[in-house]
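Peer 1: Each chain, written out:
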Amino acid sequence: MRYLPHTDQDINEMLKEIGLKTLDDLFECIPKECRRTDDLNLPKPLTEWDLNTHMDNLAAEMAVPPDYKIFLGAGSYNHYIPEVVKQLISRSEFYTAYTPYQPEISQGTLQAIYEYQTIVTLLLGMDVANASMYDGASALAEALLMAIRITKRKKVAVSRLINPYYRQVVQTYLSAQGYEIVELPFLKNGTTDLSGLHDLEEFAAVAIQSPNFFGCIEDLKSQGERIHSDRKTMFVTAFTEPLAYGLIKNPGSLGSDIACGEGQSLGVPQSFGGPGLGMFASKTKYVRSMPGRLVGQTTDKNGKRGFVLTLATREQHIRREKATSNICSNQGLCALSTAMYIACTGGTGIRKLAALNHDKAEYLKKGLMDAGAVIPFDTPIFNEFVVKFPSDFKDTYAGLLKKKMVAGLSIAPFYPELSDHYLLCATETNTREDMDALIKEVKS
Amino acid sequence: MKEPLSTTGLILNEPLLWEKGKKGRSGFSLPQRDVDVFPMDDNLLGNGPDFPDLSELDVVRHYTRLSQWNYGVDSGMYPLGSCTMKYNPKINERQASLHGIAFSHPMLPAELSQGILKIMFHLERYLSEITGLPAVTLQPAAGAQGELAGMMMIKAFHQNSGSTKNKILIPDTAHGTNPASSAICGFTPVPVKSNELGVLSLESVASVMDEDIAGVMITNPNTLGLFEENIKEISGIVHSKGGLVYVDGANMNAIMGIVNMDDIGVDIMHLNLHKTFSTPHGGGGPGAGPVCVGKDLEPFLPVPRVVKKNGSYFLSQDFPQSIGRLHAFYGNVGVLIKAYSYILSMGSMLKKASQLAVLNANYLKERLKGTFHLPYDRPCMHECVFSDKLQEENRVTTLDIAKRLIDYGFHPPTVYFPLVVHGAIMMEPTESESRETLDLFIEACKAIADEAKQNPELLFEAPTKPKVRRMDETKAARHPYLAG
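Just so you know, the sequences run in chain order A and B. Heads up, the final residue of the first sequence is numbered 444 in my numbering, and it's a clean run with no missing numbers. Heads up, the final residue of the second sequence is numbered 1484 in my numbering, and it's a clean run with no missing numbers.
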């Protein structure tokens, strides 16, 4: 086997050095009744050739662009990833290293994460950011737990317009610890309704996503003011499409205390939903309550600039059961992809790219409206929006799938009151020609 | 002696990204604009993030230079104990980046996603075969999230039977994540001491076992690299009081095809695909932490689960007793693909991998005892733990030894862990290293031990060869600069 370098001679000589005769002897220290008597029942090892054929066949069973025309986001977005990112992320000095415990030989990872942290603070308008969260959903759960730790309150309010799967993850994390979650309804215009939110002093945090699950841009500023009418209640803002902040105001400038969400959009392949990149940022005053690893700038013994993991006293390997979180990893490689992606776009590029996304989505929205579809929520959007189709659209949708066209996502399973409502998305990867084709199908 | 491994080389300085950019440059090929501008409300428009603008070559040089300041498994031996830094096969990278996989949307109808669902279904079956536990979830995104899932399931199991058990036994040899994971679920961790042989004794578990104990969380093989030989009897005691047995499977690389977890009374365990199953560590992530459980715990597995019906595969949320969802979608699929590819490449040779990992660790242990103090002189599994006790008289510490190893061209072992060994040096060579590489490493360790006696200054000053010298970590923590 090409991954195992030992020759028979090596094995025999090494065994002799240890004072043993056979490889089985190495396991004599395991009591006999604990040792497996049967062999592993696994397929025969595949050659590289056979493995490639096997995987190619499986990959061919997946519906992907450009073969399929997919107008779907809902937390996972198709954006073009520059070749530069793909090539650089393949440098194995990055991907075969571990968490940078030995800073002298990990400066590449450390500087890259420091740069990533900075990029995230600029994008979200926050002070500090980590690179440690698994995905947008668990980042939101961790943000709410952080607010609970800071405020010592046991209840949180979560908008119903936060991605439904994120809310399910929040439920899993918070209910395990006995915290209460109150869901906030939404208004006719597709934004969160705070009018029923009384007794703010009972809430550790109020969480709102913008752009929200319907694609609508929330009025974070006035919501933040309302939430901060209680001095302690924290305003947690979430997102699934961070590219939006290339165009619209960032959450930090609108009063967010903790901004968190999914970074996949920025240079990470969709890969059937994972790995993603949990983005997580807060105001400086909360940094010691933050979960996850942080990289800080310092100097070496000669005074030369360098970077280290820092503020570790919050963490599980030191604090054990009193730690801010049990997280012990970085989402290192995904954070690196995002940093590389942003290095490519720059400030100028991300602005243009975000504007193009917005304009494409508006084009599609207008086209569908003209084709007779109803746009139920009259609120500005970024690159996603909800459409109400006629009740027989189900058959049309199925027919379009056969024509290799995915006309968004039916949101009725998540919002039973919204039957016939579909969430659609357009990014820079959806061409006008494809959008016109969809509009034409809807018209007919 | 042959020429040493480490040498000097040309390493280039590289500023921070924003020290480099210049407005007006671009490293991005923006697609053709084929729609009109649709103006956005001025009240909503932001100023746009102030990222530096760089050219494509600027970006390429930046990250190429950064990468050269890193040490990875592809650079050399990386004997970081409990982290299983084995070779990450290149072919696995190809599979995960196949167009049909990397560009697949997670919310398409199941009939358009059969390829990946099939992979997930079969990977679950393979992990079940390897651990001996019948049901598996692939959803946890890391070992720590796997632990969390496991603790949640233990809690749900007890709640379901109306019990209020609220404590978890955790040995002093456990990973730091274990007490943190149990505390997050509202359990109180109860520490249990390992005995003079470095393992849990029946008596120590029996003495703290009562009706309030929801379960025990054992790392096996443990962090001393020893097999918990009383595991079967311990499981018996824990089960007799209604508790469950959780095994932290971070060290599964020692016992694939050797131990069946179901046979020894384990109810639940997590695996680290980025350790045992060769997926790269990525500078800290992403990993994957699947959890394998016995029949009694299966109803509590996270949703959605991959289900097969009439020859096709789909995702089902229809498990009313489930602890719920842990990931926005289905876990780190890109990582799962690599582990699947590894298992198909290895097949039953996985057992051989475990045998050779254990052979390598025992070889290191035999050859280095005497050079470094070996607190538990017993046959080890995949790793062995030394200490700096023999170097103490020269004021040389574990940290100095670790830093000097860098100058010799090796990544240092895990240091100061496990906590039960003062000044621990924890070495896990993995099966990937050849005898020649091990011999070179042993030679370096012996040379360093000599230096500790003859010229300890060399160790205090180490490392001298990397781009930077020892870092001022106190300064970093006292005056945190976390963004530029």
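Hint data in this document are derived by calculation from the structure and do not stem from the laboratory. Mixed in with the good hints there might be a few duds.
Listed next, the in silico DMTMM-like pairs over lysine to aspartate or glutamate satisfying Cα-Cα at most 25 Å (straight line) [as the list claims (entries may be wrong)]:
1. A:Lys86 / B:Glu1056
2. A:Lys32 / B:Asp1263
3. A:Lys388 / A:Asp378
Note that this is a predicted model, so its numbers are computed, not measured.
Peer 1: Each hint needs a verdict: does it hold in this structure or not?
Peer 2: Status of the hints after comparison with the structure:
no. : hint                : in the structure
1   : A:Lys86 / B:Glu1056 : 13 Å, holds
2   : A:Lys32 / B:Asp1263 : 12 Å, holds
3   : A:Lys388 / A:Asp378 : 13 Å, holds
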